[in-house]
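Asks: These protein sequence lines are chains C and X, in that order. Counting from 66, one number per residue, gives the positions in the first sequence under this note's numbering. Counting from 34, one number per residue, gives the positions in the second sequence under this note's numbering.
Hints listed in this document are in silico derivations from the structure and should not be mistaken for laboratory results. Take the hints with a grain of salt, since some may be wrong.
Unchecked claim - Taking lysine-lysine pairs in the DSBU-like style, the calculated list, with each CA pair at most 30 angstroms apart, reads:
(1) X:K141 / X:K303
(2) X:K141 / X:K65
(3) X:K221 / X:K303
(4) X:K141 / C:K249
(5) C:K285 / C:K75
(6) C:K75 / C:K269
(7) X:K221 / X:K141
(8) X:K141 / X:K155
(9) C:K76 / C:K269
(10) X:K275 / C:K135
(11) X:K65 / C:K253
(12) X:K65 / X:K303
(13) C:K135 / C:K76
(14) C:K249 / X:K279
(15) X:K221 / C:K162
(16) X:K275 / C:K249
(17) C:K75 / X:K275
(18) C:K269 / C:K135
(19) X:K275 / C:K269
(20) C:K249 / X:K221
(21) X:K72 / X:K221
(22) C:K253 / C:K269
(23) X:K221 / C:K158
(24) X:K279 / X:K65
(25) X:K221 / C:K269
(26) C:K253 / X:K72
(27) C:K269 / X:K141
(28) X:K72 / X:K279
(29) C:K249 / X:K130
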Amino acid sequence: MSQTPYSIVKKARDNTRPTGLDYIHNLFQGFVELHGDRRFGDDAAIVGGIARLEGLPVTVIAIEKGRTAKERSFRNFGAPNPEGYRKALRLMKQAEKFGRPVICFIDTSGACCGVEAEERGQGLAIAENLMEMTTLCVPVISVLIGEGGSGGALALGVADRVWMLENAVYSVISPEGCASILWKDAAKAETAAASLKLTAQDAKDLGVIDEILSEENLGKQPFYQGLRSRLSRTLTELAGDEDLVGSRYARFRRMGAQFLQG
Amino acid sequence: MAFINFIKPKNQLEEGGRTAAPVQEDAGEPEKTCPNCRKAIPLSRLWANHLVCPCGCHFRMNARQRLAMVTDPGSFRELYADLTAGNPLDFPGYGEKLATVRNASGEKEGVICGTAAIDGQKCCLFVMDPYFMMGSMGSVVGEKITRLFEYAVERRLSVVGFTVSGGARMQEGLVSLMQMAKTSAAVKRHSDAGLLYVAVLTDPTTGGVTASFAMEADILLAEPGATIGFAGARVIEQTTRKSLPKGFQTAESVLQHGFLDSIVPRSGQKQMLSELLRLHNGGV
Ligand SMILES: [Zn+2]
Numbered sequence: 066m067s068q069t070p071y072s073i074v075k076k077a078r079d080n081t082r083p084t085g086l087d088y089i090h091n092l093f094q095g096f097v098e099l100h101g102d103r104r105f106g107d108d109a110a111i112v113g114g115i116a117r118l119e120g121l122p123v124t125v126i127a128i129e130k131g132r133t134a135k136e137r138s139f140r141n142f143g144a145p146n147p148e149g150y151r152k153a154l155r156l157m158k159q160a161e162k163f164g165r166p167v168i169c170f171i172d173t174s175g176a177c178c179g180v181e182a183e184e185r186g187q188g189l190a191i192a193e194n195l196m197e198m199t200t201l202c203v204p205v206i207s208v209l210i211g212e213g214g215s216g217g218a219l220a221l222g223v224a225d226r227v228w229m230l231e232n233a234v235y236s237v238i239s240p241e242g243c244a245s246i247l248w249k250d251a252a253k254a255e256t257a258a259a260s261l262k263l264t265a266q267d268a269k270d271l272g273v274i275d276e277i278l279s280e281e282n283l284g285k286q287p288f289y290q291g292l293r294s295r296l297s298r299t300l301t302e303l304a305g306d307e308d309l310v311g312s313r314y315a316r317f318r319r320m321g322a323q324f325l326q327g
Numbered sequence: 034m035a036f037i038n039f040i041k042p043k044n045q046l047e048e049g050g051r052t053a054a055p056v057q058e059d060a061g062e063p064e065k066t067c068p069n070c071r072k073a074i075p076l077s078r079l080w081a082n083h084l085v086c087p088c089g090c091h092f093r094m095n096a097r098q099r100l101a102m103v104t105d106p107g108s109f110r111e112l113y114a115d116l117t118a119g120n121p122l123d124f125p126g127y128g129e130k131l132a133t134v135r136n137a138s139g140e141k142e143g144v145i146c147g148t149a150a151i152d153g154q155k156c157c158l159f160v161m162d163p164y165f166m167m168g169s170m171g172s173v174v175g176e177k178i179t180r181l182f183e184y185a186v187e188r189r190l191s192v193v194g195f196t197v198s199g200g201a202r203m204q205e206g207l208v209s210l211m212q213m214a215k216t217s218a219a220v221k222r223h224s225d226a227g228l229l230y231v232a233v234l235t236d237p238t239t240g241g242v243t244a245s246f247a248m249e250a251d252i253l254l255a256e257p258g259a260t261i262g263f264a265g266a267r268v269i270e271q272t273t274r275k276s277l278p279k280g281f282q283t284a285e286s287v288l289q290h291g292f293l294d295s296i297v298p299r300s301g302q303k304q305m306l307s308e309l310l311r312l313h314n315g316g317v
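Chain X with its partners taken away, still in its complex shape:
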């Protein structure tokens, strides 16, 4: 089949926002203006094409849509789905924020973990969600990723991970920072066990997630045009008071600087991932 029909996403193709917004019901067919080619594209057409504009621009995608895109139908078995965050610092407004985001996104946290088959290749899979506080890493994201790698060591499975993150979850302070060390420890154990970890970095992958499990994969793939970096571009501009080079922190420039293995558009991801899994699985 040439394309997958997506279930209508739970929330709109919202740009940059940290909180998901409800779909605006319109009389005509809703359209979305592409930030790259500036054309208005009917949403139905975007959904039918993995949320990629005909010009090649990759729109933001929620975690369930990605799952549907890369896994074999019916193969995904979710793990640790009920794990939720407390408010470790009693940070003002965090509890309310979590409630709102849970409601709007329909997800309990910023990452979905489980086992799945990709073209028949069994693996552990995690997919982060940009519509859940921009995929920020707090205690739950850290714990779920850690458990998944531990599970993968026990079952001797490869891990495939899709990252999207604004970085650490500020509202969890030091607890959030420590998740960088915790997840790194789990990735290292998985690596030392001789097992494969492939990461697909999507827009944006930044901050504490870049500086931990995102960059720790054996094979680093990225989506075209994805922003990948540690410090945010705006912060760098403000700090250095210099204008940024063209294409700074795009997947294409990160590849050129030697930090990525390959850039893979959505249309080719399933095939690429299954082939990589097969190659590390005795080639069958």
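Excised from the complex, chain C in its bound form:
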């Protein structure tokens, strides 16, 4: 394998990859989109609604980057605002009420970075999602399909199972941001990408994700077919967990514990 971590970062960002909406339309039937956070507005960077997975009603939430220049600008390049996270939380609570599993697709360089996002409580919006997701009484599966940028990605990632595509990345900071903070040189992104351990294999080794999904036939029907049956199988398995919330707590409770001393 001659891929460097930074070349994987570039692949994860490639705008020819399937986006959130591609997953929604290819994996599920009869998607009904539900808009708005009932508080402020509707954030186009997060798409959510109800659909069927092999007949089973599920709540689906995806960060959508858009593909064409026009779409990307409409979707704010997949950088959600607080109202996006609040819409996601509203739909998760709705899913809980009606006993529907939740499936999230994550693809963002990070939460929207702007004056208005701050003034509407970006930090609180993410914090509330993290907090509420830890005790959601229905199964949650999150799939990182491209970029998993920091808290803005984690806000949809507190799940019972977290999967990553083989060329997706998951990181606390972009390699460019890390390089400019630590070495005052964004050009050292290559080094930073390697140091940050942000590839799917790294995330698996660190115990952060459960499975790496092969990108063979990415975007083609066999790929979606495989993912669809994996999702169904896993939901059946999770439905058998008598203490789903307790297991989810334990899953996140052990994060980092293996590295502690003293």
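Got chain C; can you put chain X with the ligand on it based on the hints?
Replies: Okay, now just chain X with the ligand, sitting in the frame of chain C:
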């Protein structure tokens, strides 16, 4: 008593730096120029006034000083004091950085946890330290906060927390990111148990700490002038290429936007905290 005499802080009133610097010994009495009123204030006078300038500007304060300020003398019992970080990613230079910061700050990590009494009100307490890698959250900070909330659930105690943080600890990468979820889970359990959590956000509280346990309190207090936000102001300016509104991300503006309960200067914090604890403790 009108004021508390502080023990001389372990490190100077250093601004913005990530690594604590040793005190500069001078012939005359050392002074510090206030970034707000521009006056030179003798350090002894600052220490005698909770490190608050006569103009009201709150200087940065280390965790031990805060402990002395808000807890009843002799009541603090530290927990998990020996927990230290490994280098989960083998991140270049992180081990050396930790060693330097430990040496300079005299602390093992960026947060101090324990039980204490505030005006006779028993509680669990955490205080983050700006002089330990700017209070950044890595595996140790996440673990200590989590354990403290779990301990508070077992003993049915309120939690009082002072936050100061530049955000996630980059050198711990994903492990650091996951601490946001881990601490949030513990806060939620504490909350679901019907217990009180009061946070005091101090300068600066940003990034992954804002987007997790800092903002998850039942009651959110802040120090005057504290910077509170998710994304850093400089990053926002660079990304949006727009100049920032006046007072952006200050506690005062965050309050105005509806995200804080109250701004409390240091001189009133102990009384406010003890009263809040009392109110949730049957009023006695
Ligand atoms: Zn002043």
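Asks: A separate judgement is required for each hint: does it hold in the structure or not?
Replies: Hint check:
no.	hint	result
1	X:K141 / X:K303	holds (26 angstroms)
2	X:K141 / X:K65	holds (27 angstroms)
3	X:K221 / X:K303	holds (25 angstroms)
4	X:K141 / C:K249	holds (27 angstroms)
5	C:K285 / C:K75	holds (21 angstroms)
6	C:K75 / C:K269	holds (20 angstroms)
7	X:K221 / X:K141	holds (27 angstroms)
8	X:K141 / X:K155	holds (25 angstroms)
9	C:K76 / C:K269	holds (19 angstroms)
10	X:K275 / C:K135	holds (22 angstroms)
11	X:K65 / C:K253	violated (37 angstroms)
12	X:K65 / X:K303	holds (26 angstroms)
13	C:K135 / C:K76	holds (21 angstroms)
14	C:K249 / X:K279	holds (28 angstroms)
15	X:K221 / C:K162	holds (19 angstroms)
16	X:K275 / C:K249	holds (22 angstroms)
17	C:K75 / X:K275	holds (28 angstroms)
18	C:K269 / C:K135	violated (35 angstroms)
19	X:K275 / C:K269	violated (39 angstroms)
20	C:K249 / X:K221	violated (38 angstroms)
21	X:K72 / X:K221	violated (45 angstroms)
22	C:K253 / C:K269	holds (25 angstroms)
23	X:K221 / C:K158	holds (15 angstroms)
24	X:K279 / X:K65	holds (26 angstroms)
25	X:K221 / C:K269	holds (26 angstroms)
26	C:K253 / X:K72	violated (41 angstroms)
27	C:K269 / X:K141	holds (29 angstroms)
28	X:K72 / X:K279	holds (23 angstroms)
29	C:K249 / X:K130	holds (17 angstroms)
Checked against the numbered hints above, the structure breaks hints 11, 18, 19, 20, 21 and 26 and satisfies the rest.
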